[in-house]
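Trainee: Single-letter residue listing:
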Amino acid sequence: EDQVTQSPEALRLQEGESSSLNCSYTVSGLRGLFWYRQDPGKGPEFLFTLYSAGEEKEKERLKATLTKKESFLHITAPKPEDSATYLCAVCALSKSSGSARQLTFGSGTQLTVLP
Amino acid sequence: DAGVTQSPTHLIKTRGQQVTLRCSPKSGHDTVSWYQQALGQGPQFIFQYYEEEERQRGNFPDRFSGHQFPNYSSELNVNALLLGDSALYLCASSPGLATTDTQYFGPGTRLTVL
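Each protein sequence line maps, in turn, to chains D and G.
The numbering of the first sequence is this note's numbering, which starts it at 1 and goes up by one.
The numbering of the second sequence is this note's numbering, which starts it at 1 and goes up by one.
In case anyone wonders, no lab produced these hints; they're calculated from the structure.
For glycine and all other residues, C-beta sits at the position ideal for the given N, C-alpha and C.
Hints are not guaranteed to be accurate.
Below 30 Å or equal to it, Euclidean Cα-Cα: the simulated DSS-like pairs (lysine-lysine) are [stated by the list, open to error]:
| id | chain 1 | residue 1 | chain 2 | residue 2 |
| --- | --- | --- | --- | --- |
| 1 | G | K13 | G | K26 |
| 2 | D | K63 | D | K42 |
| 3 | G | K13 | D | K59 |
| 4 | G | K13 | D | K68 |
| 5 | D | K57 | D | K42 |
| 6 | D | K42 | D | K59 |
| 7 | D | K57 | D | K79 |
| 8 | D | K57 | D | K69 |
| 9 | D | K79 | D | K63 |
| 10 | D | K59 | D | K79 |
| 11 | D | K69 | D | K59 |
| 12 | G | K13 | D | K79 |
| 13 | G | K26 | D | K63 |
| 14 | G | K13 | D | K57 |
Pulled from the structure, derived: some chain D residues nowhere near chain G, Cβ distances all over 12 Å [to be verified]:
| id | residue |
| --- | --- |
| 15 | P8 |
| 16 | R12 |
| 17 | E15 |
| 18 | S20 |
| 19 | T26 |
| 20 | R31 |
| 21 | G54 |
| 22 | L62 |
| 23 | K63 |
| 24 | T67 |
| 25 | K68 |
| 26 | P80 |
| 27 | T112 |
| 28 | L114 |
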């Protein structure tokens with residue numbers, strides 16, 4: 001069974017204080033790892049897709065990296081508007097159907113950036 | 001370009017009732033997936049529709065059913081509502097069944113069961 005574990009559950013940072021969020025996964029046949037941002041009461045907003053170990057992607061103050069067992073979301077000099085829950089999800093090949101489009105999510109990291 | 005849209009935004013029902021939620025995918029997308037998100041948890045996969053057929057299903061009872069229309073829009077139906085069905089229901093769309101396609105989410109429907 002695919003498993004995704006995110007840590008920490010919650011993180012409070014001062015504005016400008018850089019940090020990293022962790023997503024560790026156990027899956028057979030990884031086809032993609034996804035990072036989403038979710039604001040309270042809203043749907044997840046797509047940030048990054050990573051496909052293979054060693055891959056990195058950047059967007060503004062965010063940088064996502066991928067190894068064979070985990071992914072990191074690095075936040076550089078965060079601002080209060082970066083406060084949100086960050087969700088990690090994996091997409092793996094379904095053994096029964098031969099294809100897979102379901103995502104398995106972690107529980108998220110709730111990030112609060114204080115001014 | 002319109003993104004994924006869902007209706008209604010909020011819904012309040014009582015135990016035992018039935019509910020229908022609606023989703024219109026992002027333009028150019030033909031695959032729709034539904035997820036349930038309980039408070040403080042990540043979304044959980046309910047099922048996926050492509051070419052008007054259910055292609056995959058998560059660990060949800062038969063009370064949860066769906067439909068996809070020729071215009072790719074979709075409905076989620078839940079029968080015999082339980083208190084535990086209270087959650088944010090999310091619809092996501094993607095262009096086809098390729099495993100590496102990114103899924104884009106709608107704003108969700110908040111269902112409260114009393």
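Trainee: Hint by hint, say whether it matches the structure.
Mentor: Consistency of the hints with the structure:
Our distance criterion of 30 Å between C-alpha atoms is met by K13(G) and K26(G), whose separation comes to about 28 Å. Taking the CA atoms of K63(D) and K42(D), the gap is near 23 Å; set against the 30 Å cutoff, the hint holds. Taking the CA atoms of K13(G) and K59(D), the gap is about 41 Å. The hint is violated against a cut of 30 Å. This hinted pair does not check out: K13(G) and K68(D) have alpha carbons roughly 44 Å apart, beyond 30 Å.
Restraint check for K57(D) and K42(D): satisfied, since their Cα atoms lie roughly 24 Å apart, inside the 30 Å limit. For the given pair, K42(D) sits about 21 Å from K59(D) by alpha-carbon distance, which is consistent with the 30 Å threshold. Simply put, K57(D) and K79(D) have alpha-carbon atoms about 20 Å apart, close enough for the 30 Å limit, and the pair holds. Under the criterion of a C-alpha separation no larger than 30 Å, the hint pairing K57(D) with K69(D) is consistent with the structure, at around 17 Å.
Using a Cα cut-off of 30 Å, the hinted pair K79(D) and K63(D) holds, with the two alpha carbons roughly 15 Å apart. With a CA separation close to 14 Å, the supplied pair K59(D) and K79(D) stays within the 30 Å bound. This hinted pair checks out: K69(D) and K59(D) have alpha carbons roughly 23 Å apart, not beyond 30 Å. Of the pairs offered as hints, the one joining K13(G) and K79(D) is violated, with about 39 Å between alpha carbons and a cut-off of 30 Å exceeded.
For the suggested pair K26(G) and K63(D), the alpha carbons sit about 26 Å apart, so the restraint of at most 30 Å is met. A threshold of 30 Å between alpha carbons decides the hint, and for K13(G) with K57(D) the separation of about 43 Å lies outside it, so the pair is violated. Listed as a non-interface residue, P8(D) keeps its Cβ farther than 12 Å from every Cβ of chain G; the least gap is roughly 14 Å. Listed as a non-interface residue, R12(D) keeps its Cβ farther than 12 Å from every Cβ of chain G; the least gap is roughly 17 Å.
With a minimum CB-CB distance of about 25 Å to chain G, E15(D) clears the 12 Å threshold, and the non-interface call stands. Chain G leaves S20(D) outside its interface by the beta-carbon criterion, the shortest separation being 19 Å against a cut-off of 12 Å. Consistency note on T26(D): stated as away from chain G, and its beta-carbon is indeed over 12 Å from all of that chain's, at 15 Å minimum. Once the 12 Å rule is applied to beta carbons, R31(D) is inconsistent with being away from chain G; the minimum gap is 4 Å.
G54(D), annotated as away from the interface, keeps every beta carbon of chain G farther than 12 Å; the closest lies near 17 Å. Consistency note on L62(D): stated as away from chain G, and its beta-carbon is indeed over 12 Å from all of that chain's, at 16 Å minimum. Every beta carbon of chain G lies more than 12 Å from that of K63(D), the smallest distance being close to 18 Å; the non-interface claim holds. The non-interface label for T67(D) is consistent with chain G: the shortest C-beta to C-beta separation is roughly 18 Å, beyond 12 Å.
Its beta-carbon lying about 17 Å from the closest one in chain G, K68(D) satisfies the requirement of being farther than 12 Å from that chain. Residue-level check passed: P80(D) sits 22 Å from the nearest beta carbon of chain G, beyond 12 Å. Listed as a non-interface residue, T112(D) keeps its Cβ farther than 12 Å from every Cβ of chain G; the least gap is roughly 15 Å. Non-interface status of L114(D) relative to chain G is upheld: no Cβ of that chain comes within 12 Å, the nearest being about 21 Å off.
When the structure is compared with the earlier hints, violations turn up for hints 3, 4, 12, 14, 20 and for no others.
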